[in-house]
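If you read the protein sequences in the order shown, they are chains A and B. With the first letter of the first sequence counted as 1, position 224 gets the number 224 in our numbering; the numbers rise by one all the way through. With the first letter of the second sequence counted as 1, position 212 gets the number 212 in our numbering; the numbers rise by one all the way through.
Derived from the structure by calculation, the hints contain no laboratory data.
Restricting the straight-line Cα-Cα distance to at most 30 Å, the calculated cross-link-like pairs of lysine-lysine (DSBU-like) are:
id: 1; chain 1: B; residue 1: Lys-249; chain 2: B; residue 2: Lys-151
id: 2; chain 1: B; residue 1: Lys-376; chain 2: B; residue 2: Lys-346
id: 3; chain 1: A; residue 1: Lys-151; chain 2: B; residue 2: Lys-346
id: 4; chain 1: B; residue 1: Lys-151; chain 2: A; residue 2: Lys-346
id: 5; chain 1: A; residue 1: Lys-219; chain 2: B; residue 2: Lys-346
id: 6; chain 1: B; residue 1: Lys-151; chain 2: B; residue 2: Lys-219
id: 7; chain 1: A; residue 1: Lys-376; chain 2: A; residue 2: Lys-346
id: 8; chain 1: A; residue 1: Lys-282; chain 2: A; residue 2: Lys-249
id: 9; chain 1: A; residue 1: Lys-282; chain 2: A; residue 2: Lys-151
id: 10; chain 1: A; residue 1: Lys-346; chain 2: B; residue 2: Lys-219
id: 11; chain 1: B; residue 1: Lys-282; chain 2: B; residue 2: Lys-219
id: 12; chain 1: A; residue 1: Lys-282; chain 2: A; residue 2: Lys-219
Pair ranges (Cβ atoms, derived):
id: 13; chain 1: A; residue 1: Val-362; chain 2: B; residue 2: His-239; range: 55 to 63 Å
id: 14; chain 1: A; residue 1: His-416; chain 2: B; residue 2: Gly-336; range: 54 to 62 Å
id: 15; chain 1: A; residue 1: Gln-439; chain 2: B; residue 2: Pro-149; range: 44 to 52 Å
id: 16; chain 1: A; residue 1: His-416; chain 2: B; residue 2: Ser-79; range: 47 to 55 Å
id: 17; chain 1: B; residue 1: Leu-393; chain 2: A; residue 2: Arg-39; range: 47 to 55 Å
id: 18; chain 1: B; residue 1: Ser-79; chain 2: A; residue 2: Asp-264; range: 34 to 42 Å
id: 19; chain 1: B; residue 1: Glu-344; chain 2: A; residue 2: Ala-381; range: 49 to 57 Å
id: 20; chain 1: B; residue 1: Arg-358; chain 2: A; residue 2: Leu-251; range: 52 to 60 Å
id: 21; chain 1: A; residue 1: Ala-278; chain 2: B; residue 2: Arg-358; range: 52 to 60 Å
id: 22; chain 1: A; residue 1: Ile-2; chain 2: B; residue 2: Leu-393; range: 24 to 32 Å
In silico contact screen, one side only, chain A against chain B (beta carbon under 10 Å); selected entries:
id: 23; residue: Glu-124
id: 24; residue: Met-158
id: 25; residue: Tyr-232
id: 26; residue: Tyr-329
Note that CB positions come from ideal geometry on N, CA and C, so glycine has one too.
Protein chains: 2
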Amino acid sequence: MIDLRSSPLLTDLYQLTMLQAYLEANMQEQAVFEFFVRRLPPRRGFLLAAGLEQALGFIENLRFGEEELDWVRDCGRFSRELADYLAQLRFTGDVHAMPEGTAFFADEPILRVTAPMPQAQLLESRLINILHFETLIASKAARCVLAAPGKLLVDFGMRRAHGAEAGLFAARASYLAGFAGSSNVLAAPLYGIPVFGTVAHSFIQAHETEEAAFESFSKAHPGNVTLLIDTYDTEAGAHKVVRLAPRLKELGVTLRAVRLDSGDLAEHARTVREILDAGGLKDVQIFSSGNLDEYTMRDLLARGAPIDGFGVGTHMDVSADAPYLDCAYKLEEYAGRARRKRSEGKATWPGRKQVYRRYDTVGVMAGDVLTIEGDKQEGEALIQPAMRAGRRLAAPEPLEAIRARATAELARLPAHLRDLSEAPPYPVTIAPALRELAQAVDRDTMQN
Amino acid sequence: MIDLRSSPLLTDLYQLTMLQAYLEANMQEQAVFEFFVRRLPPRRGFLLAAGLEQALGFIENLRFGEEELDWVRDCGRFSRELADYLAQLRFTGDVHAMPEGTAFFADEPILRVTAPMPQAQLLESRLINILHFETLIASKAARCVLAAPGKLLVDFGMRRAHGAEAGLFAARASYLAGFAGSSNVLAAPLYGIPVFGTVAHSFIQAHETEEAAFESFSKAHPGNVTLLIDTYDTEAGAHKVVRLAPRLKELGVTLRAVRLDSGDLAEHARTVREILDAGGLKDVQIFSSGNLDEYTMRDLLARGAPIDGFGVGTHMDVSADAPYLDCAYKLEEYAGRARRKRSEGKATWPGRKQVYRRYDTVGVMAGDVLTIEGDKQEGEALIQPAMRAGRRLAAPEPLEAIRARATAELARLPAHLRDLSEAPPYPVTIAPALRELAQAVDRDTMQN
Chain A
1 MIDLRSSPLL TDLYQLTMLQ AYLEANMQEQ AVFEFFVRRL PPRRGFLLAA
51 GLEQALGFIE NLRFGEEELD WVRDCGRFSR ELADYLAQLR FTGDVHAMPE
101 GTAFFADEPI LRVTAPMPQA QLLESRLINI LHFETLIASK AARCVLAAPG
151 KLLVDFGMRR AHGAEAGLFA ARASYLAGFA GSSNVLAAPL YGIPVFGTVA
201 HSFIQAHETE EAAFESFSKA HPGNVTLLID TYDTEAGAHK VVRLAPRLKE
251 LGVTLRAVRL DSGDLAEHAR TVREILDAGG LKDVQIFSSG NLDEYTMRDL
301 LARGAPIDGF GVGTHMDVSA DAPYLDCAYK LEEYAGRARR KRSEGKATWP
351 GRKQVYRRYD TVGVMAGDVL TIEGDKQEGE ALIQPAMRAG RRLAAPEPLE
401 AIRARATAEL ARLPAHLRDL SEAPPYPVTI APALRELAQA VDRDTMQN
Chain B
1 MIDLRSSPLL TDLYQLTMLQ AYLEANMQEQ AVFEFFVRRL PPRRGFLLAA
51 GLEQALGFIE NLRFGEEELD WVRDCGRFSR ELADYLAQLR FTGDVHAMPE
101 GTAFFADEPI LRVTAPMPQA QLLESRLINI LHFETLIASK AARCVLAAPG
151 KLLVDFGMRR AHGAEAGLFA ARASYLAGFA GSSNVLAAPL YGIPVFGTVA
201 HSFIQAHETE EAAFESFSKA HPGNVTLLID TYDTEAGAHK VVRLAPRLKE
251 LGVTLRAVRL DSGDLAEHAR TVREILDAGG LKDVQIFSSG NLDEYTMRDL
301 LARGAPIDGF GVGTHMDVSA DAPYLDCAYK LEEYAGRARR KRSEGKATWP
351 GRKQVYRRYD TVGVMAGDVL TIEGDKQEGE ALIQPAMRAG RRLAAPEPLE
401 AIRARATAEL ARLPAHLRDL SEAPPYPVTI APALRELAQA VDRDTMQN
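Same shape as in the complex, but just chain A (with noise of 0.2 Å):
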């Protein structure tokens, strides 16, 4: 059985073709390959790397499987040669990265894989398939953390994610970020990060009344209550509950928070905050979802919506407002020597990087210098050995780090970077050396 998620195949046909050419050229010398953004998307001022963690599993893990051997003998395109050399093929080089929750910015790797050219070349797609969905979500879930700080933030996007990996890759992404979990439950058993949950429309729709309805949600689960109070009208369910909270009490139900879902969430809020509290119900929190994202949430919370909570979903799965990276990933040297693609609007540095990253005195980010490996710089080294001839340097790193990593990110990060729009771009400056080495690259390829 292929498994899709670890499967070889799960490439583009380009590299199996490339990788012929090359066994048939005895082009297998050191290649090193840096996976990069080349530009950050519209009111983007930083990004916050993720998906390292399965990239180094779907390498570690890299191989051909019967089935799969059998469909590139079968398929009519490709060389004994390149069968055999697949089925023995294991991944045999180097990995270094930024840690994830690292923020980053333009033209910075946070990836680089040193391997015989085939062996790199090969993990172009899917590696940039991991690490690009993974960092666009977690770059589109710290702008939620930043725009409602102090606030319950919880992944409801699974049901529009684009497919099942998407799903739970997302609820990973956020939670690094910073949310408190999740309402895919898969992410429990697979990652540890908390679930949530509260109870949908078709419920209240399905019994006779609301009330009858939260009732019976509430004895079902007395010990953290969630109730939905839109489905016909919120003001009318806000008082329903104040009118059911006695009775409940008497059940032994523990009435956690109210669910708002349509309708003007800071007006609706507003209202039915004064609702409970008239009821007694000052403890009863107010949870709200349905399209949000950063930009909602910063408003409602400048109009001084009394919400407590909210559940993020589509347009964070997704990235709505910016659902893709101009991202890459690209050979930066070729036995020995440095290698850039010229072309137009493309351009790349060459060579094998290293970032390294100022502080101002209060700890906040002052500057990054792009350079060439081995041309020390003031400031701290961004990336770092992950994995030395095919074997990781260090167990898996807990999520529960990562998250706190990215915490410490946000906060060092500069004022008008924490802020949602446009804004000046964050200094990177590269290094006399890289620009020499990209000058030396282009002369040398002049004659090309």
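Starting from the structure of chain A, add chain B where the hints point.
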């Protein structure tokens, strides 16, 4: 081992929470849910139904494995009764649906589930996850097909699709909408989709000269060669192809195309066409890629760019201009009584519905009627039985048949919907019988 794609834990926590409440209240009567899109996204005049095959596969294989049951038992949230119920759970209900590849519009259900409440409810999250994404991409791909009639279109998007399954589903959805194939290798063994591939910039860069790269690649795949010519300078690359052509001929290489991936593609295509023609390579086609979508392809072709085929990637695989649909899976009936959600801005039509479609004398779609099942109208009834008592009524429909249907549907669209701009909506009439049912349901629930 939990399989992410088929695990019933790939769901929202509230589904399990509600199930427990339904079991405790013994609410296991028959429920009817329908999946539909509330509003089409901006600039979408129609959608193409897709994902039914994967949805049916999910439904018929629904079961909790031991690991999943262990999680339910040990998480501290659920009763022994729920775990016992889940252990024996199989889907025993009916499914009705529009065939894949059918064009549809706002408020028209494309899938209906009729089953005991807990079963029907439990399907919700993953069913939406599947139908939403495949429909989203099939609809985007259909626009690409309409924008570039007669051109070879290939899905190049896997690397920036949102995870593994998104890359695979996008290959399937774009193929059924009329694409020629995908670069995603796994789409071949899994779906029988033709796969396409050329060569990456890294391959060119790894060689000492561009000519050496061209020759090395051609020798490895002599039967069908597409050369990427924009790594350093597009026109210089085209001249090199011309100079190399006699040598390739000697080697028995069939040079099929050159690929352009950067810069002003219309300008480059024109000059490259001239260079190739002047060099006696009139049969060598021009294939282009690089941030393409239906708008850029339409513009390139309107400018007369001599481009024979397009690789469409990120913008299609994430449906960049509309990365989600406002869709829902809503309770329409429970225990024989129609139901309706009235939440502000989210009210839905109650009951089991059918869509009838009329055509004009030349076969163009002339208007739909949305009504309740059994209220026979003029035209073709679009919603058909697909599963009865948990079993499919027919073998999976071949992808080629779905693709043929989609092609026919695009040909039958009114002219203004085949255009890509904002247009007057297609007429969908609500039948009096459905309006009356909605009013009756509202009267009925007013006292709530």
